[in-house]
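2 protein chains.
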Amino acid sequence: MIALTGDRPTGRLHLGHYIGSLKNRVVLQETCDQYIMIADLQALTDHFESPRTITDSVLELVADYLAVGIDPMKSTIFVQSQISALSEMTMYFMNLVSISRVERNPTVKAEIAQKGFNDSIPVGFVCYPISQAADITAFKADIVPVGDDQLPMIEQTNEIVRKFNRIYSTNCLKEVKPRLSHVSRLVGIDGQAKAGKSLNNAIFLSDTSEAIKTKVFSMFTDPNHIRVSDPGKVEGNVVFSYLDAFFEDKDELEDLKKQYRKGGLGDTTIKSKLNDTLQSLLQPIREKRAQLSRDFLREICHEGTKKAQRVASDTLEEIRDAIGLKYGI
Amino acid sequence: MIALTGDRPTGRLHLGHYIGSLKNRVVLQETCDQYIMIADLQALTDHFESPRTITDSVLELVADYLAVGIDPMKSTIFVQSQISALSEMTMYFMNLVSISRVERNPTVKAEIAQKGFNDSIPVGFVCYPISQAADITAFKADIVPVGDDQLPMIEQTNEIVRKFNRIYSTNCLKEVKPRLSHVSRLVGIDGQAKAGKSLNNAIFLSDTSEAIKTKVFSMFTDPNHIRVSDPGKVEGNVVFSYLDAFFEDKDELEDLKKQYRKGGLGDTTIKSKLNDTLQSLLQPIREKRAQLSRDFLREICHEGTKKAQRVASDTLEEIRDAIGLKYGI
Numbered sequence: 000m001i002a003l004t005g006d007r008p009t010g011r012l013h014l015g016h017y018i019g020s021l022k023n024r025v026v027l028q029e030t031c032d033q034y035i036m037i038a039d040l041q042a043l044t045d046h047f048e049s050p051r052t053i054t055d056s057v058l059e060l061v062a063d064y065l066a067v068g069i070d071p072m073k074s075t076i077f078v079q080s081q082i083s084a085l086s087e088m089t090m091y092f093m094n095l096v097s098i099s100r101v102e103r104n105p106t107v108k109a110e111i112a113q114k115g116f117n118d119s120i121p122v123g124f125v126c127y128p129i130s131q132a133a134d135i136t137a138f139k140a141d142i143v144p145v146g147d148d149q150l151p152m153i154e155q156t157n158e159i160v161r162k163f164n165r166i167y168s169t170n171c172l173k174e175v176k177p178r179l180s181h182v183s184r185l186v187g188i189d190g191q192a193k194a195g196k197s198l199n200n201a202i203f204l205s206d207t208s209e210a211i212k213t214k215v216f217s218m219f220t221d222p223n224h225i226r227v228s229d230p231g232k233v234e235g236n237v238v239f240s241y242l243d244a245f246f247e248d249k250d251e252l253e254d255l256k257k258q259y260r261k262g263g264l265g266d267t268t269i270k271s272k273l274n275d276t277l278q279s280l281l282q283p284i285r286e287k288r289a290q291l292s293r294d295f296l297r298e299i300c301h302e303g304t305k306k307a308q309r310v311a312s313d314t315l316e317e318i319r320d321a322i323g324l325k326y327g328i
Numbered sequence: 000m001i002a003l004t005g006d007r008p009t010g011r012l013h014l015g016h017y018i019g020s021l022k023n024r025v026v027l028q029e030t031c032d033q034y035i036m037i038a039d040l041q042a043l044t045d046h047f048e049s050p051r052t053i054t055d056s057v058l059e060l061v062a063d064y065l066a067v068g069i070d071p072m073k074s075t076i077f078v079q080s081q082i083s084a085l086s087e088m089t090m091y092f093m094n095l096v097s098i099s100r101v102e103r104n105p106t107v108k109a110e111i112a113q114k115g116f117n118d119s120i121p122v123g124f125v126c127y128p129i130s131q132a133a134d135i136t137a138f139k140a141d142i143v144p145v146g147d148d149q150l151p152m153i154e155q156t157n158e159i160v161r162k163f164n165r166i167y168s169t170n171c172l173k174e175v176k177p178r179l180s181h182v183s184r185l186v187g188i189d190g191q192a193k194a195g196k197s198l199n200n201a202i203f204l205s206d207t208s209e210a211i212k213t214k215v216f217s218m219f220t221d222p223n224h225i226r227v228s229d230p231g232k233v234e235g236n237v238v239f240s241y242l243d244a245f246f247e248d249k250d251e252l253e254d255l256k257k258q259y260r261k262g263g264l265g266d267t268t269i270k271s272k273l274n275d276t277l278q279s280l281l282q283p284i285r286e287k288r289a290q291l292s293r294d295f296l297r298e299i300c301h302e303g304t305k306k307a308q309r310v311a312s313d314t315l316e317e318i319r320d321a322i323g324l325k326y327g328i
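From first to last, the protein sequence lines are chains F and B.
In this text, residue positions in the first sequence follow numbering that gives the first Met the number 0: the first is 0, and each later residue adds one.
In this text, residue positions in the second sequence follow numbering that gives the first Met the number 0: the first is 0, and each later residue adds one.
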């Protein structure tokens with residue numbers, strides 16, 4: 000079973016990534032041939048004016064991966080822009096998708112609205128689902144772990160797969176299945192719907208012990224829970240959202256929630272619990288991260304990218320064969 | 000001075016190509032470093048469902064080139080799909096052009112209307128001017144010979160060049176100048192505005208002597224010029240259009256026109272003149288063509304493509320450097 004996952008390199012990874020995907024990848028690598036793509040080409044589609052954001056993040060991402068337990072002997076970590084076959088495959092796939100189809104993609108539509116491109120939506124951005132189809136099919140992925148907002152991407156890929164195989168009478172491309180992750184999205188420490196690098200409301204895997212503590216103690220709780228004795232709300236309380244995600248002892252957590260609702264449990268107490276939890280989760284990650292030299296990270300990237308180049312080139316050869324672009328030259 | 004020209008490989012070349020561009024290329028190669036691209040990738044954007052049309056035409060095109068006098072020692076003949084740097088450059092350029100900009104391109108708009116894509120306009124087709132910008136800039140072309148319907152393509156390329164150089168603080172891309180050809184378009188033998196492979200109304204460079212004669216004698220003249228003694232019209236008369244393009248003795252041609260207008264000059268006579276003219280133009284081309292083995296044509300393609308790969312890869316390296324996509328991996 001082959002799995003493809005990845006991240007746009009636009010900053011260090013945070014707890015939202017950890018709970019939403021990294022943790023899952025550490026499990027997945029035990030049973031799957033897992034490819035982890037650092038999607039710098041894709042990140043360029045909406046960061047083309049600030050490429051340093053991307054290029055400065057690539058090795059940081061590799062450090063985050065290794066620190067959380069992704070094992071380069073089990074997972075292939077590679078950099079998208081170094082795999083030229085992906086661009087070429089994208090070109091062939093672009094002929095199989097209509098302009099109205101890409102403009103109708105719900106994920107892309109939502110992102111366009113969110114990013115405020117105004118009237119100047121880059122062609123590259125609208126086309127990134129086609130480029131994703133190249134990424135997925137190049138490695139013959141069987142599954143792609145996704146949130147349900149990403150399902151239209153999988154659909155687009157499979158449409159291309161079916162059309163390509165039909166037109167060129169081949170079966171060299173493989174349909175892919177989404178592996179839905181049921182983890183709810185981690186909110187920002189300010190209670191914003193999404194923890195994000197750009198929103199500066201996230202706890203990063205590489206944050207110092209001090210930074211973690213500061214962030215936890217600045218978390219949004221229940222504005223009406225003023226005195227310790229006041230009854231408090233658990234829903235929409237960021238501290239409890241994080242405890243739900245990271246506190247291991249679910250029985251104790253239920254007791255805490257009950258007590259908080261009733262009154263008599265202070266914010267400082269629950270924040271201390273969360274701080275302890277996150278410190279003991281992140282300390283080993285941070286320590287492992289600190290041991291990784293830039294040279295070692297480059298070496299991991301190099302090896303993974305070399306393997307990915309080989310695999311993607313083989314698929315590209317099959318694609319060219321199917322279209323007939325062999326001239327014996 | 001570097002020049003880039005090329006053709007979509009969708010069939011053998013005809014007299015329209017000869018007079019509109021091939022003849023000019025034979026001259027251009029004496030003073031320019033000339034690249035001639037067989038644009039199979041571009042042809043796929045509107046022939047993706049019939050790739051054989053394209054792949055069967057590639058070596059035919061090379062044969063046509065050599066037969067008319069293009070010298071592979073002076074011109075670099077290469078196959079677009081074999082230059083992967085072009086796809087990668089296209090990906091970077093796609094971020095710099097908005098969807099509304101590509102949809103506004105007058106050449107593309109006209110072609111869309113003409114091709115009857117209906118509502119299903121392939122992304123690849125709309126984007127081919129971006130891919131052309133990659134072709135032109137990859138070889139650092141100073142000039143591109145074009146008809147005036149192609150000027151919007153040059154404009155799009157130069158917009159990309161300026162934007163790329165500005166955003167990435169580089170001067171690795173070069174603006175290009177159109178070299179306008181003032182040859183009027185050759186009409187079809189049936190009087191249709193355009194001689195075209197698909198319209199089956201063209202005289203091909205590889206046509207047999209017999210086929211040429213048949214086509215010349217089936218040409219549309221003046222429907223009111225019934226008897227030899229009738230006065231005839233020269234304007235809109237296909238035979239005279241071809242004589243204008245190919246008959247060398249301009250004084251004699253003026254006399255013929257005068258006589259035809261007055262009456263007393265039969266269609267058979269002018270068709271014979273034209274037939275003689277075309278036979279003596281095309282006979283050496285056809286004979287040279289017949290001597291070219293498939294292996295030799297492949298060898299020419301191979302050598303040219305190898306050189307083009309080197310040049311385009313160098314430009315791609317500069318582009319990656321400028322964006323910063325070097326990770327030391």
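Warning: the hint list may mix true and false statements.
Partial list, computed: chain F residues near chain B (C-beta under 10 Å) [as the list claims (entries may be wrong)]:
#, residue
1, GLY19
2, LYS22
3, VAL25
4, GLN28
5, HIS46
6, ASP70
7, MET72
8, LYS73
9, PHE92
10, ARG100
11, PRO121
12, PHE245
13, ILE299
DSSO-like mimics (lysine-lysine), calculated; alpha carbons at most 27 Å apart, straight line [to be verified]:
#, chain 1, residue 1, chain 2, residue 2
14, B, LYS325, F, LYS73
15, F, LYS325, B, LYS287
16, F, LYS325, B, LYS325
17, B, LYS139, B, LYS173
What the hints contain is simulated information worked out from the structure, not anything from laboratory work.
C-beta atoms are modelled at their ideal positions from N, C-alpha and C, and glycine is treated no differently.
**Prompt:** Within a Cα-Cα threshold of 27 Å, do F:LYS325 and B:LYS287 meet the stated pairing?
**Reply:** 26 Å, holds
**Item:** Residue hint F:PHE92, partner chain B, criterion CB-CB below 10 Å
**Value:** 8 Å, holds
**Message:** Let's test the interface hint: is any C-beta of chain B closer than 10 Å to that of F:LYS22?
**Reply:** 26 Å, violated
**Message:** Using the nearest Cβ pair, does F:LYS73 come within less than 10 Å of chain B?
**Reply:** 20 Å, violated
**Message:** Given a cut of 10 Å on the nearest C-beta pair, is the interface hint for F:ASP70 held or broken against chain B?
**Reply:** Violated, about 19 Å.
**Prompt:** Was the hint right that F:GLN28 lines chain B, CB cutoff 10 Å?
**Reply:** Because about 21 Å separates F:GLN28 from the closest Cβ in chain B, which is outside the 10 Å limit, the hint is violated.
**Prompt:** Holds or violated: is the Cβ of F:MET72 closer than 10 Å to a Cβ in chain B?
**Reply:** Because about 18 Å separates F:MET72 from the closest Cβ in chain B, which is outside the 10 Å limit, the hint is violated.
**Asked** Does F:VAL25 pass the interface hint, meaning its C-beta sits closer than 10 Å to a C-beta of chain B?
**Response** This interface hint is violated because 23 Å lies over the 10 Å limit.
**Asked** Is F:LYS325 within 27 Å of B:LYS325, Cα to Cα?
**Response** 31 Å, violated
**Request:** Below or equal to 27 Å on CA atoms is what counts here, so check B:LYS139 against B:LYS173.
**Result:** Holds, at about 6 Å.
**Message:** Between the alpha carbons of B:LYS325 and F:LYS73, is the straight-line distance 27 Å or under?
**Reply:** Status holds; Cα separation ~25 Å.
**Message:** Under 10 Å is the threshold here; is the Cβ of F:ILE299 close enough to any Cβ of chain B for the hint to stand?
**Reply:** Since chain B brings a Cβ to about 9 Å from F:ILE299, closer than 10 Å, the hint holds.
Hints 1, 2, 3, 4, 6, 7, 8, 12 and 16 from the earlier list are contradicted by this structure; the remaining hints agree with it.
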